[in-house]
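2 protein chains.
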Amino acid sequence: MKLATYHDRSRDGQLVVVSRDLSQAHYANGIATRLQQVLDDWGFLSPQLEELSISLNQGKLRHAFNFEPKQCMAPLPRAYQWADGSAYLNHMELLSKARGAELPESYGLDPLMYQGGSDDFLGACEPARFASEAMGIDFEAKLAVITGDVPMGASPDQALDGVRLAVLANDWSLRTLIPAELAKGFGFLQSKPATAFSPVAVTPDELGAAWRGGRVDLSLQSMWNGRKVGQCEAGPEMAFHFGQLIAHLARTRNVRAGSIVGSGSVSNKDWSHGYSCIAEKRAIEAIEGGVAKTEYMKFGDSIRIEMKGRDGLSVFGAIDQDVVALHEATVDGTV
Amino acid sequence: MKLATYHDRSRDGQLVVVSRDLSQAHYANGIATRLQQVLDDWGFLSPQLEELSISLNQGKLRHAFNFEPKQCMAPLPRAYQWADGSAYLNHMELLSKARGAELPESYGLDPLMYQGGSDDFLGACEPARFASEAMGIDFEAKLAVITGDVPMGASPDQALDGVRLAVLANDWSLRTLIPAELAKGFGFLQSKPATAFSPVAVTPDELGAAWRGGRVDLSLQSMWNGRKVGQCEAGPEMAFHFGQLIAHLARTRNVRAGSIVGSGSVSNKDWSHGYSCIAEKRAIEAIEGGVAKTEYMKFGDSIRIEMKGRDGLSVFGAIDQDVVALHEATVDGTV
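Residue numbers (the working numbering), protein chains in the order written: chain L, 1 to 335; chain E, 1 to 335.
Chain L on its own, in the form it takes in the complex:
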């Protein structure tokens, strides 16, 4: 099934079930109002949502309405955890080179993962607001899963059983702030502002045969200002599958329902697939010609991130965001 969260001026929004083709939706009222509620009590609530979803797909629901991605908050507008792995080694290799940093010794053996902020996520079509272009505004297109409860010490297989939903993420990064923060050793903080998520979260069965070995074997498209800059394969080069990433996080603590675990920027060794973040493009330019020419994003730029299934249909709906100056936001009073 496919789930989304509609804006209703509350902090957690209203849960809706969305049809497979993303054309129709129906409120989940009477079952659950918020997605976190469903994750907290998955065994009891998800079969009820599943039934609603079947009826919606069969066109049997009288109160169904046209699905509007612009009405969406992030599926979880705020979460108890957001941790992002860096599972595509090509991304790590390129960005380490670009920063002049050495690759960690455990590179390739042990997932590299950071704890992100999860109190203020962005809906798929909400503008991303930044104080200054000088911060090096960059998108990062990734996959993520939302988990149920996974106990401390779970194996990768057990952890994989804890996957409830999959989403796309745009993990905004402020490149100019990263080197100083990483040098301090305590990880990203200011350099990782609010993350955006796809309109729709889907259960793994919606991915069909493309959900394989804890990976999503489809390609992720990134369009920057309307121009396709990336069509990266998400399956084959994901060095750690989602069960491994979750188990890494659960090694010393329980991972509780509603935790979001990311894949890192989807990246392929074959550069002809393009890129899922500008930093990679710049690293490639530097490697090829000595100079990173492509500039980071400017106010007014747009980024669209989408993944299509083997049937050619959009799986999660598109993340489609504009980059906006923070002071503009203040003027229109929407911050």
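Derived by calculation from the structure, the hints in this document are not laboratory data. Every residue gets a Cβ at the ideal spot worked out from N, C-alpha and C, and that includes glycine. Some hints here could point you the wrong way.
Here are some chain E residues pointing at chain L (derived, C-beta under 10 angstroms) [unchecked claim]:
# : residue
1 : Ser-10
2 : Gly-117
3 : Leu-249
4 : Arg-251
5 : Val-255
6 : Arg-256
7 : Leu-326
Once the Cα atoms are required to be at most 20 angstroms apart in a straight line, the calculated SDA-like pairs of lysine to any residue come out as [unchecked claim]:
#  : chain 1 : residue 1 : chain 2 : residue 2
8  : L       : Lys-97    : E       : Ala-183
9  : L       : Lys-293   : L       : Trp-224
10 : L       : Lys-97    : E       : Leu-182
11 : L       : Lys-269   : L       : Lys-298
12 : E       : Lys-298   : L       : Arg-251
13 : L       : Lys-308   : L       : Gly-274
14 : E       : Lys-228   : E       : Ser-302
15 : L       : Lys-97    : L       : Pro-179
16 : L       : Lys-228   : L       : Leu-103
17 : E       : Lys-97    : E       : Lys-228
18 : E       : Lys-97    : L       : Glu-237
19 : E       : Lys-97    : E       : Glu-285
20 : L       : Lys-308   : L       : Pro-179
21 : L       : Lys-298   : L       : Met-223
22 : L       : Lys-298   : E       : Arg-251
Chain E is faced by these chain L residues, among others (derived, beta-carbon under 7 angstroms) [stated by the list, open to error]:
#  : residue
23 : Gly-153
24 : Pro-156
25 : Lys-184
26 : Gly-213
Got chain L sorted already, so can you dock chain E onto it with the hints?
This is chain E only, laid out in the frame that chain L set:
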């Protein structure tokens, strides 16, 4: 007022109001069931809780009951954010020396802060469970505040106005895992397991004159296996006050209601105050005699962390935890 969250087998527990002397409590039913709810709607709900608190302190509530810290979950059993600053420079100096790491260039000018996991907190008297003593089990006694909404770009003064509640925290650390994680550059993850919080969260006015300039000017006591090992002054040496720490976090993103922001381990340059984490004691031993002699915690050890007000009464109640092997936890089925 003083607030706590009682276990009721739900994930978020039941909100109770606690008397100033921590002897009596009363359910907040009819006003709010969960603390996050209050933080989401502070202006409307907190005055109602305040009234209940006044009646409780006056002994006027017929359904008041004896307050039992052992019934407490963390005031927020799970939160949308937990970020910990390192505001006591002495702690940073000692631990950097002990790790053989250089102090960041921005040391003393810019807060050092990490994003922590917030999906699974421990109540004040809940055992802390670890897979192995070899991980270097250490307590870290700190203060923290719980915020309301603080917009991106808020000044330290504006951010300080966003402080709603103060708590004590025991930010468990696995010292053996830290060097490798910090070397990877992405910050703490496995090395910072579930954090515990004091039974009670208090509004700043409960601190009286001790709440000054965004700091808590009281001393924090740590008792390890019944022996006092620290009585550290929390006020004078906090290099960044809570408004500065929150503003640091809010530089590039909105900080939303229910975010918990920590002070770092309370630490004094005058070593006669003792220590708020074993790593400091070991660093001092290494500096003084070349060898760190004090071992980290063992299964069966206990740690008690408490802060008394100028009236001699416990402000937050005590964090009082036992260190327990994970497999024991599995046997008694309470994980």
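Taking the hints in turn, this is what the structure says about them:
no., hint, in the structure
1, Ser-10, "holds (9 angstroms)"
2, Gly-117, "holds (6 angstroms)"
3, Leu-249, "holds (7 angstroms)"
4, Arg-251, "holds (5 angstroms)"
5, Val-255, "holds (7 angstroms)"
6, Arg-256, "holds (4 angstroms)"
7, Leu-326, "holds (6 angstroms)"
8, L:Lys-97 - E:Ala-183, "holds (16 angstroms)"
9, L:Lys-293 - L:Trp-224, "holds (16 angstroms)"
10, L:Lys-97 - E:Leu-182, "holds (19 angstroms)"
11, L:Lys-269 - L:Lys-298, "violated (28 angstroms)"
12, E:Lys-298 - L:Arg-251, "holds (19 angstroms)"
13, L:Lys-308 - L:Gly-274, "holds (17 angstroms)"
14, E:Lys-228 - E:Ser-302, "holds (12 angstroms)"
15, L:Lys-97 - L:Pro-179, "holds (12 angstroms)"
16, L:Lys-228 - L:Leu-103, "violated (30 angstroms)"
17, E:Lys-97 - E:Lys-228, "violated (25 angstroms)"
18, E:Lys-97 - L:Glu-237, "violated (40 angstroms)"
19, E:Lys-97 - E:Glu-285, "holds (12 angstroms)"
20, L:Lys-308 - L:Pro-179, "violated (34 angstroms)"
21, L:Lys-298 - L:Met-223, "holds (15 angstroms)"
22, L:Lys-298 - E:Arg-251, "holds (19 angstroms)"
23, Gly-153, "holds (6 angstroms)"
24, Pro-156, "violated (15 angstroms)"
25, Lys-184, "holds (4 angstroms)"
26, Gly-213, "violated (24 angstroms)"
Hint violations for this structure: numbers 11, 16, 17, 18, 20, 24 and 26, all remaining hints satisfied.
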